[in-house]
Structure formats: C-alpha cells, structure tokens
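Peer 1: Residues per chain, in single letters:
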Amino acid sequence: MSVILTLALKEFRDGMRNRWVAAAIVLLAGLTLAVALLGSAPVGTTKATPLSVIVASLSSLSVYLVPLIALMLSYSAIVGEAERGTLLLLLSYPVSRWQVIVGKFAGHLAILSVAITLGYGVAAGVAAYPAFSSADIRALFLLIGSSILLGAVFLALGYLLSAIAREQATAAGAAVALWLAMVLLYDLALVGVLLADSGHFISEQLFAALLIVNPADAFRIFNLSQLGVGAVAGLGGLGTTASVPPSVALGSMTLWVLGSGLLALNRFGARQP
Amino acid sequence: MHPGPIPPERKGLGIRLDQLSKAYGREQVLRQISLVAQPGECVALLGPNGAGKTTLFKLMLGLVPPDSGCIEIDGINPAGRAFRPLRSEIGFLPENVSFHDAMTGQEVLRFYARLKGISATACAELLDRVGLAAAASRRVTTYSKGMRQRLGLAQALLGNPRLLILDEPTTGLDAALRKTFFDILRNFKEEGVTIVISSHALNEIEARADRYAILQGGRLTAIGSLSALQQESGLPVRIRLQIPRGETNALHKVVGDRGAPTPSTDGHVTLTCLADQKVGLIRDILASDIQVADIEVRSSSLEDVYAHFASKGLGK
Numbered sequence: 004m005s006v007i008l009t010l011a012l013k014e015f016r017d018g019m020r021n022r023w024v025a026a027a028i029v030l031l032a033g034l035t036l037a038v039a040l041l042g043s044a045p046v047g048t049t050k051a052t053p054l055s056v057i058v059a060s061l062s063s064l065s066v067y068l069v070p071l072i073a074l075m076l077s078y079s080a081i082v083g084e085a086e087r088g089t090l091l092l093l094l095s096y097p098v099s100r101w102q103v104i105v106g107k108f109a110g111h112l113a114i115l116s117v118a119i120t121l122g123y124g125v126a127a128g129v130a131a132y133p134a135f136s137s138a139d140i141r142a143l144f145l146l147i148g149s150s151i152l153l154g155a156v157f158l159a160l161g162y163l164l165s166a167i168a169r170e171q172a173t174a175a176g177a178a179v180a181l182w183l184a185m186v187l188l189y190d191l192a193l194v195g196v197l198l199a200d201s202g203h204f205i206s207e208q209l210f211a212a213l214l215i216v217n218p219a220d221a222f223r224i225f226n227l228s229q230l231g232v233g234a235v236a237g238l239g240g241l242g243t244t245a246s247v248p249p250s251v252a253l254g255s256m257t258l259w260v261l262g263s264g265l266l267a268l269n270r271f272g273a274r275q276p
Numbered sequence: 018m019h020p021g022p023i024p025p026e027r028k029g030l031g032i033r034l035d036q037l038s039k040a041y042g043r044e045q046v047l048r049q050i051s052l053v054a055q056p057g058e059c060v061a062l063l064g065p066n067g068a069g070k071t072t073l074f075k076l077m078l079g080l081v082p083p084d085s086g087c088i089e090i091d092g093i094n095p096a097g098r099a100f101r102p103l104r105s106e107i108g109f110l111p112e113n114v115s116f117h118d119a120m121t122g123q124e125v126l127r128f129y130a131r132l133k134g135i136s137a138t139a140c141a142e143l144l145d146r147v148g149l150a151a152a153a154s155r156r157v158t159t160y161s162k163g164m165r166q167r168l169g170l171a172q173a174l175l176g177n178p179r180l181l182i183l184d185e186p187t188t189g190l191d192a193a194l195r196k197t198f199f200d201i202l203r204n205f206k207e208e209g210v211t212i213v214i215s216s217h218a219l220n221e222i223e224a225r226a227d228r229y230a231i232l233q234g235g236r237l238t239a240i241g242s243l244s245a246l247q248q249e250s251g252l253p254v255r256i257r258l259q260i261p262r263g264e265t266n267a268l269h270k271v272v273g274d275r276g277a278p279t280p281s282t283d284g285h286v287t288l289t290c291l292a293d294q295k296v297g298l299i300r301d302i303l304a305s306d307i308q309v310a311d312i313e314v315r316s317s318s319l320e321d322v323y324a325h326f327a328s329k330g331l332g333k
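Chains as they are written, first to last, in the numbering used here: chain Z, 4 to 276; chain E, 18 to 333.
Hints should not be assumed to be uniformly reliable.
Quick look at which bits of chain E chain Z covers, simulated, 3 or more residues with Cβ under 8 Å [unchecked claim]: (1) 74-80; (2) 112-118; (3) 130-144.
Over the 10 Å line for every Cβ pair with chain Z, so calculated as not near, a few chain E residues [claimed, not checked]: (4) E44; (5) Q55; (6) R101; (7) S105; (8) A153; (9) Y160; (10) S244.
Derived lysine to any residue pairs resembling SDA-like cross-links, with alpha carbons at most 25 Å apart [stated by the list, open to error]: (11) E:K162 - Z:P276; (12) E:K206 - E:G148; (13) E:K133 - Z:A11.
Since the hints were made in silico from the structure, they are not lab data. All residues carry an ideal CB built from backbone N, CA and C; glycine is no exception.
For reference, chain E alone in the conformation it holds in the complex (with noise of 0.2 Å):
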C-alpha cells in the first residue's frame, strides 16, 4: 500500500519547542529544552535511556503539561481543547507498545481506526503492509515482539498521519523488517510528513533523518545535520592512501602538519585531519608525484559524533 500524495493543505505538521522544562516530583526530566522541526522534516532524537526522549514525546502529544515553557504542534498547544481534531492527524508508536492481549491483531487495528474516524477497509491494507495479514485473526496474546512492533507501526500510520512521532519504532525487528520500515517512512517522508524519531541504534538511523538532536540528562546537547554535527564536534577525518612504501616520505612532505601520516600492516597508510582540511590535503596529494593506487575517504560516523556531545554532556 502507498499512503497517496498528500494534498497541498495536508502537508505536514511544524513542531515548536520553547524552552521546555518538566519534572517528575524532584527529579528534572526535560531542562530548557528549545526545537524546531519544519513541516516535512525528520528530526532524530538520540540519547541514553532516561534522557527525557519519551518525556518529550508525551509534551510533544498533550498527554503530560510542562513546568515551564511552551510547545506548538502545528501552532496549536497540544495540551489543549483545540488540539483534539488534530490527533487524528498524528500517528504514536510508543517504547514497547502493548494491546489488549485478548483481541485479534485485526480488531486491534479496527479499534484504533474507529477512534480516529477511519473506515476498517484502510485496516487490511495496513496489516499487510507490515506483513501481519496472515496473522490477523491471531489473538495478540500470540504475537511475538517483532510482531506487536509491526502492529504498533500500523496504528501509527492509520489515516495518513501528517506528523509522526516514533519511540524506538525498530526495537524486535529483524534486519529485514528494519529494511520495510525504513522504507516506509522514507515514502511518508517524501510526501512531506514530519517525522521525530528516537533510535539507539544510532548505525540504521544514520543519513535517514535531516537533522538529529542529542539529547544528556534532559538537556539538548547537539542539534543539526550530520555534517553540521562533524563540524561542530571538530572530529577528524581518516583519509586510507594506498602508495608504494618507498613513498612515505615524500607523502610526509606533501601533508606536512596536517595529518600525520601512519603506516598500517596492510601496507597502507591512514591520515588524520581536520574536517575542512580534508579536500585540500587530498588535492595536494594527487597533485603530487605520489602513485597513489587506492584513496578511502572516512568522515566521523553519527556514533562517533553521538559519543563527542555524549561525553561533553556528561561533563556539563
């Protein structure tokens, strides 16, 4: 099933976070927390567990008030009166989503639809969208992980969600199963439907979301792009040169102070510089007498960079 172009007038829903603060009892969850997802924008959101990414969600839906500060969903405050017609329009994956075990993965699904508005026919659609339609007669109590997971999914996508907001949605899927949901919402994402994500598996997310913010003990360390991010954290590039080895030293020449040049036991040799050292240095390089047979470029991976802003947020 392919969710449909959206029409101009359903695009999707702008996120504003201002200076949000929560706690729970004296425990401070969420401290000044200030973001902005544009309609259409995926923004991930990384972070430890207790960061304050489920705490979030649950302002981002109205469910719980914050301290201080304000939240605009669309511009319309979530908690109140006025936001109720737009959940419809706001598909929820929670951490670790339950259902009634008594009902069948179908009439799960039905439940939910009727409560959105929607006829059961999108319903069929959707389970076998996530795989589930021969399973859908099972009563839920049978289901595995995987499976509650790809239920879970398909009540977030009923009725064409123009926001959706995911709590870990990849948890017990398999690699195949990462693979179809990854797919799925690269499809609502090109129909222009934001998208907040949060993910532990930092490697799957990785070049899927435009911007990612890191969220340390309820404070938002980093946020932008992933190349914004390399920027910002100053972590270096490794450039993997394969030259002959009587070259070493005119490559030293060549590199000078800029990346220290280090043999490896493959025959190899890897650079390490700055990230806008790195075309010049490369451009030097091939300008040169050196035969150079091979070149790897290897800018810092969003792991790296997620654990840059982990350690300086840890340090705050």
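Next up, chain Z with everything else stripped away, as it sits in the complex (with noise of 0.2 Å):
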C-alpha cells in the first residue's frame, strides 16, 4: 500500500508542479465562468434556475475538455518513463506492474479531481451565487464526480496507449486520434447512420445502446438525465428520450476504466524494459 501511496504522491506533485495542470485548472474555471455569464440569457425564457443552466452547459464542455486532460495527463505515463530510462531502475525496486499502474491511476485521478473541482465548484458556486436549490447542488456534485469518473476512463485509455507504444510521439498521437474518435466523430458517424436508415433498422433501443457503449455519451446521458433537461440537449438528450436509467451509464464507464485498465497492466507486464 505505501509503495502505491509513494508512486501516486510522486505522481501528484509532479502533475501540480507541471504547468498544463494549473493551465487546466485555470481553463476549466474560466469557461465555467465564461458559460454562467454567457448563459444567464436563457434562464429568463426557461423555468432552469442559473446554476442548472450552468450544469447543462458544463456537462456538454466536460465531454470535450477532460478526456482531452486525462489523455494528456496519462498518454506518457510509460512510454515516456521508458523513454527518458527511469522505468528501467523503477522496475528494479520491490515494486509490481499493477502497483505502477495503480499508483499512477490515483495520482493522476487526484489531480484530475482537484483541477474538475475547483474549476466547476467554485466557478459555478460563484457565478450562481446565492440562487441556487439542493437539486442544483445535487446537479452539480453529480457532474464533478461524472466528470472525474470519465477523467479516469481515458486515463485508462491513455495507460493502454502508453503500454502500448514504443515511442513517445506515437502514443501522443494515438492519444489525439482516440480523442477524436470517441469524443467527436462517434456521434457524427451515429447521427450519419441514423439518418440514412431513417428510422428501418435502427431502433430507439439500439441506438439508446449505441450511444450508452461510448463513455463519453454515456457520461452526457447521466448529467442529462439528472437534470431533466435531455429533450433539448442534442444527441446526448436523444438518447435519454430512450430512457436510459442513469446507473446503467455509470456502469458502461466504470466497464471502460476497468476494461482499458486491466489491458493497460496485460500490455505492460508484456513489455520489456
């Protein structure tokens, strides 16, 4: 346990010390601040109170931004301590495969969850000052701890990539090419889909369940339904009109953690330092 605790310490303060944490912090603040001014206009046609708007508007951001951290944050996590040559004298410690891994995992997670919290729960709590309900807080604790809960599925990602690659620049490509694929062009290529078949195969059913095996949609399908505002969200409220419980969203992204994590340590144990 102290040898996890020790990797996932070095882990977060090497991570707080790193500029592109403090830049992430400081981004996800200032567009959470930036949607709360901005999206105060909607709130005067609408029943939404500020701070569900802000929610909405976040959940829809968190979708893009924090994969895009946790890959950045996770992609070198081995290939490029192999790279610069200290995984070779890291593996000649008491020290297991799975416990690099599980170590890194929380560094990286506790960083993740530092920078989602500060940056949505304060700026939030700010912007919505004081007219927020206990549902809106509800909300919005639900979207911090969603939003590290998809932070960790593509740091799980970003971990198999590492194990993976043989040099750095490749898993930082890699990276880049799975972000686009499951954060952008999954739902492009389902709504192309869906509008080519208009409506002869594809069911609601099918599509709920398209939808539900990409993490990233099933982490919009969960703030979504919390809210209760799914029917003017986008493709993410499309998939909720399949009345999608919320546990099972949770379920496909924690799968996604334990699924890429699991491969992430098979691909390392095979890999020779």
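Mind docking these for me? Both chains are given alone in their own frames, and the hints should help you get the complex.
Peer 2: Spelled out as structure tokens, the structure:
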C-alpha cells in the first residue's frame, strides 16, 4: 500500500508542478465562468435556475475537455518513463507493475479531481450565488463526480496507449486520434447512420445502446437525465428520450475504466524495459 | 557515512547464471552465458558496447525473461514473485541513469527510499557521502552529468544492499570522484557485499575486481582473475634491465632462448618472456656476474589481456 501511495504522491506532485495542470484548472474555471455569464440569457425564458443551466452547459463542455486533459496526463505515463530511462530503475525496485499503474492512476485521478472540483465547483458557486436549490447542488456534485469518472476512463485508455506505444510521439498521436474518434467522430458517425437509416433498422433501444457504449455519450446521458433537460440538449438528449437509467450510464463508464485498466496492465506486463 | 558491519545473515547474495540465452527479435544478444559469483565476490563485466552487458543486468534483475537457461540470485529466480522482497537488498545503477527532472535531488532519493521501505533520514547521509549535500534542494534538471551519476550511486546504496549491480558507474565522474567511488565500493566489498560492475575504463577497474568476465558479441570469451587471465592468454612479461653497455653479450648467454634481449635508446635492455619463465629468468640474471643497476617487471595489463581475448572472440 505504501508503494502505491508513494507512486501516487509523486505523480500528484509532478502534476501540480506541471504548468499544464495549472492551465487545466484555469481553463475549466474560466470556461465555467464564461458559460455562467453567457448562459444567463436563456434563464429568463425557461423555468431553469441559473445553476442548472450552468451544469447542463458544463456537462457538454466536460465531454470534450475532461478526456483531453486525462489523455494529456496519461499518454506518456509508461512510454515516457521508458524513453527517459526512469522505468528501468523503477522496476528494479520492489515494485510490481500493477502497483505502478494503480499508483499513477491514483495520482493522476487526484490531479483531475482537484482540477475539476476547483474549476467547476468554485466557479459555478460564484457565478450562481445565491440562487441555487438543493437539487441544483446535487446536480453539480453529480457533474463533478461523473466528470472525474469520465476522466478515469480516459486515464485508463491513456495508460493502455502508453503501454503499447514504442515511442512517446506515437502515444501522443494515438491519444489525439482516440480523443477525436470517441468524443467527436463517434457521434457524427451515429448521426450519419441515423439519417441514412431514417428509422428502418435502428430502433430507439439500439440507438440508446450505441450511445451508452461510448463513455463520452454515457457521461452526457447521465448528467442530462439528472437535470431533466435532455430534450433540449443535443444528441445526448436523444439518448435520454430512450430512458436509459443513469446507473447503466455509470456502469458503462466503470466498465471502460476496468476494461482499459486491465488491458493496460496486461500490455505493460508484456513490455520489456 | 559508513554502511556499518553487515550481520552474518546479511552477507552478499550469490549469483548463478546457467546457459543463459536471450534474443531481441532476430538479434541474438546473449549466447549460453554461464557464470557464478560467490557471495562477497566482485566480478567485472568487460566488453564493447552491444556486447550484451546491459541485457545481462536486466536478466539478473528479473526485468526481462531469458529465452533459455536459468538465473538464480541467492537461489531465487529473479523473474518470479518470490524475488520481490529481495529487490530491497539489491542496489542497481543503470547506464546513463536519469531521473524525473522536476524533482530535487533530495526528493528523488526520498522517493526511492520509500519504495525500498527505508526512512528518509538515511537520504541526507547518502547525499553527503556522494558530495551532493549542497545541491540536495536543487532540481535534478540543473544537475551536471556527474551529479546525476552521483545521485544514481546514492540511490543504489540505499538500505545497505547485499548485491550491487553497477552499469558503467564511473561515466561522467571526474578523477577525484572516481577515487571516492572506488573507496565506497571497497568498503562495501569489505563488508561482504557481492558486486557486479561493468566498465569501459579498464585501467581503473584493474586490480579492483576479484574476477573479470569478457563479453564479446553476447558470448563469454573469458572469465577469471587477472593473473589467471594473464596465464591463459599466454601474453609475454616484459623485464627491463639497466646494465652496463659491455655486458649485453653476457646477458644473451644467460637468457638463451627465453627472452630475446632488445636494447633501447635510454641504455636499458628489455626482455620479453612467458609468464611462467619470469621468476627463473630473473633468478638466473641476478645469480650471474652481470651488474644489474635496476630491474623492472611489467606483466600484461588488463587492457592487454582484454584486447587479446576480444580479438579471439571476434575470430569466433
């Protein structure tokens, strides 16, 4: 346990010293404030409270930003250490490879949690003060929690890329491609298929299933279902009309964390430093 | 800092390599290496770049599995789970050691100490011992190559190891630090720690190891103590004599076919003989009427021996 804690603390400290992490906090907080200020317009015409609008907007924002930040943190975790030569020394110590992955994961997740909690929580609180209900606060907490879970998915995917790649540059390229594919192209492809199909083969259930298997869409569905604003919130909103239970969305993301994490461990185990 | 005496149960770890082979893809890196290092022995691995020294170290540490053959450190296979606790008792200094640049020297050492389950108090002493106390709170990114190497050495010495595996440890160290390094190494050797060290600097490793193993193209071409390797190589011994000019003929008579005296410009005469003829030849010269003013015997150096076996290895 102390080995994992040592590794996690090191990653956390490295991350906090890294300007990218500070930038991530500023980016998330800045965008939250921007959303809060710009998003104040629709409040007048709907029954939604300011905070619920902010949370809805942030959940859309999170889908793009959180996976990006998570992949940036994780893509070099293994291949970067191998390239620098620090992996060889680390593995000569009484440390198992699973401890290396779990330790790095814990450290990176702590960094993400700090960035998301500070970025969203403080900025949303400031922007919406004092007009928020307990339901809004609950939605904000769920947004923060599910954003961290979404981050965990892409951290694990980043380790998988990092365990497979022979060079750090390859891992970086693969991370960008993965982000594009899962966060942008998947939805576009799904819309294309849906339009071409025009309701012949793809039932509502199949469509919901196709959405839920993508962790980014699962995240969107979860948050919008919490707010009850699905019908006005884009593709993820379509999913909620198929009434996907939030637990299924969380389950999908959790499976992605476990699946990618175990696969990353498997690939790391086969790697010769 | 002195490592302190090692209790009897903490004597050095023995190493046994048996018919060890390893290939990376199509490239055969090690071919049937067999080597035994007794607890407390210091074995130097010599060989050019690409000879397989680093791979051999990785195998000893259980970081890569062999294709065939077996390895035992203290009777345990390093690739197995049972080896993990033993890792705390091994100090490893990789070639061109590198660290996380954002950390300070002290943080780096404390990080590795925690991984070995050692308290942070030992770190300050070690940093002092390798001459990094003043730079302890500076980031590693500001360190010179020599300072990184010293930090690498400090982490290898954490927790009084029973086995030291040192891959080109003196690279980047200046003459004074090399001396300090070998002094530290001698202390550990006296405590009974087993040491496996690789080096390119043959003149500095000479007379510091108990045995020398010469690796060439993944093959062990020779192994033994310096004197055993000198004998095995059949390399000649040079005897330089200072004698009066007129006595060269007399010397020829005494030496016979054993040494072929060659006069040099400074008035000396050099004899070249086989190692096992050396003592007899000197005795005969001193017993004769020749007035010997000075005598100097030079056995083949580690460099000569290495060059001899390396050229033999290439021929294989």
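Peer 1: Work down the list of hints and note, for each, if the structure agrees.
Peer 2: Hints, verified against the model:
no. : hint            : in the structure
1   : 74-80           : holds (count 3)
2   : 112-118         : holds (count 5)
3   : 130-144         : holds (count 4)
4   : E44             : holds (13 Å)
5   : Q55             : holds (22 Å)
6   : R101            : violated (5 Å)
7   : S105            : violated (5 Å)
8   : A153            : holds (17 Å)
9   : Y160            : holds (14 Å)
10  : S244            : holds (34 Å)
11  : E:K162 - Z:P276 : holds (22 Å)
12  : E:K206 - E:G148 : holds (21 Å)
13  : E:K133 - Z:A11  : holds (15 Å)
The earlier numbered hints that this structure contradicts are 6 and 7.
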